[in-house]
Amino acid sequence: MEVTHKQLRRCDLVTVSGRIDAATVKQLSDVLSEIKNAGRYNIVLNMKNVTYISSAGLSELIDTQNTCKQLNRGELVLAEVPDRIMDVLKLAGLTSLFKIFTTETEAVGYF
Amino acid sequence: MSRRQTLTVDGYYKNLKKIADFVTAAARQAGMDEDEVYAVQMAVDEACTNIIEHAYGGEGRGKIRLTCQPLPNGLQVTIHDQGRPFDPAKVPVLNPNSPAETRSPGGMGLFFIYRLMDRVEFQPSSAGENRLVLVKQRKTQP
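Quick mapping for you: the protein sequence lines, in order, are chains E and U. All you need for the working numbering is the position in the first sequence, starting with 1, plus 30. All you need for the working numbering is the position in the second sequence, starting with 1, plus 191.
Hints are supplied without guarantee of correctness; some may be wrong.
Stated by the list, open to error - Below, in silico cross-link-like pairs of lysine-lysine (BS3-like), each with a Cα-Cα straight-line distance of 27 Å or less:
#1 U:K281 / E:K120
#2 E:K78 / U:K205
#3 E:K66 / E:K56
#4 E:K120 / U:K208
#5 U:K254 / E:K56
#6 U:K205 / E:K56
#7 U:K209 / E:K56
#8 U:K208 / E:K56
#9 E:K129 / E:K36
#10 E:K56 / E:K129
#11 U:K208 / E:K78
#12 E:K78 / U:K209
#13 E:K36 / E:K66
#14 U:K330 / E:K120
#15 E:K36 / E:K78
These are computed hints drawn from the structure, not numbers from a lab.
Please put together the full structure from these sequences, using the hints given.
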């Protein structure tokens with residue numbers, strides 16, 4: 031799995047690729063924690079090249095969303111979610127928890 | 192139909208990828224479509240993660256053995272471990288209609304296993320070994 035992070039003017043853009051499972055989720059978690067610990071809570075997660083996500087990965091997304099939304103200080107939104115990953119989000123009943131954008135530009139423009 | 196195949200790995204999360212590659216290949220050989228292959232991969236990944244986390248109580252404390260057996264209409268994956276016996280009745284399975292922000296990671300893995308597979312059987316521990324039998328049926332004949 032690869033995770034890259036770019037701080038933009040109004041939000042932070044995190045791009046993740048590959049498998050998000052119990053072995054790799056810490057890499058993603060570390061990047062997201064660094065952003066939150068710096069007091070920034072508007073986050074776009076581009077999932078275009080994610081090939082797999084397990085409940086370990088989903089739990090990280092839920093935790094991050096809950097932290098960001100506290101006190102209405104921000105939000106985690108998802109961009110370019112592959113069909114297979116969208117199916118998993120739907121199966122777990124999680125699509126209502128995240129705004130999901132077709133393109134990264136739209137997601138960044140939301141903030 | 193291809194033959195039965197076995198993989199044994201040490202219980203480390205880094206081996207989840209090796210496990211995924213093994214069951215993905217077996218599911219494809221059993222003639223499954225890509226949706227079915229993904230379902231098998233995910234159910235097995237969740238089961239093995241639970242074994243490392245709960246049955247063994249952490250990484251590097253025991254082995255996981257997987258056997259893939261092609262069936263006339265699908266694939267059976269049997270997962271063996273020597274950790275603490277697991278009673279699925281004691282774990283609350285996620286309700287996908289509950290508020291999403293209240294999800295606990297524990298029940299989510301079990302929820303996926305039950306939703307993605309056609310048969311899920313936690314067999315009682317015998318001779319110190321736990322067995323989980325997972326069966327996925329093919330929608331179409333190859």
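task: Starting from the hint list further up, note which numbers the structure goes against and sort them upward.
output: none
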